[in-house]
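Sequences listed follow chains H and R, in order. Position 82 of the first sequence, counted from 1, bears residue number 1545 in the numbering used here, the numbering being contiguous throughout. Position 47 of the second sequence, counted from 1, bears residue number 51 in the numbering used here, the numbering being contiguous throughout.
Among the hints, erroneous ones may be present.
[What the hints assert, rightly or not] Chain R is faced by these chain H residues, among others (derived, beta-carbon under 10 Å):
| no. | residue |
| --- | --- |
| 1 | Gly1503 |
| 2 | Tyr1527 |
| 3 | Gly1562 |
No wet-lab data here; the hints were simulated from the structure. These numbers were taken from a predicted model, which means no experiment stands behind them. The C-beta atom is built at its ideal place from N, Cα and C for all residues, glycine as well.
One-letter residues, chain by chain:
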Amino acid sequence: DMKVTQMPRYLIKRMGENVLLECGQDMSHETMYWYRQDPGLGLQLIYISYDVDSNSEGDIPKGYRVSRKKREHFSLILDSAKTNQTSVYFCASSLYDSGNTLYFGEGSRLIVV
Amino acid sequence: QQQVRQSPQSLTVWEGETAILNCSYEDSTFDYFPWYWQFPRESPALLIAIRPVSNKKEDGRFTIFFNKREKKLSLHITDSQPGDSATYFCAAGGNYAQGLTFGLGTRVSVFP
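Starting from the given sequences, assemble the full structure and let the hints guide the process.
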């Protein structure tokens, strides 16, 4: 069963707290992604990971970092969350590269107050 | 600037009509153009995709028309159904070093 799982699904944090969003996939896909989605701004790429410990910044990496120690897991970390990081975060995976289908997780809704 | 542009922002059609969604892109190195759709409170999912070797891709009631020279493409939804009501994202990619670049989306409402 092809699935991308995100945890937690909903999260409320205070400004300045650390946030960990986790993502797992069961398809052995090499490439994984973190996007954020805001009303009117579409989907914006934060980070892309080509495989274990092979990560690259996307279009809006500032304020975020990532970790990929196993092919099936990709984490997004916010050190000292800011209110403008309130958003819905989507993890996705694809076979090899973005020229193939991206499979998205259910999303993690983060509110920073 | 926006690498992938979509128009209109929103579109309302009656059941049975054809909805036409437009998309244009900047980067001529893009070689893969998927359309994703997203229903409220759900995640995006692949609907249909095209590569520049073709100028048309059809899947049931959904057809992509592609014009490489003008860097434009469009998605036609024929015989629109209320269940087609969703936000449609045009995307571009294919370069290993890039993720998919998404447009801002077109919100389609189909009324019975």
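| said: Let me make sure I understand: some of the numbered hints might not hold for this structure. Which ones are they, in numerical order? | reply: 2
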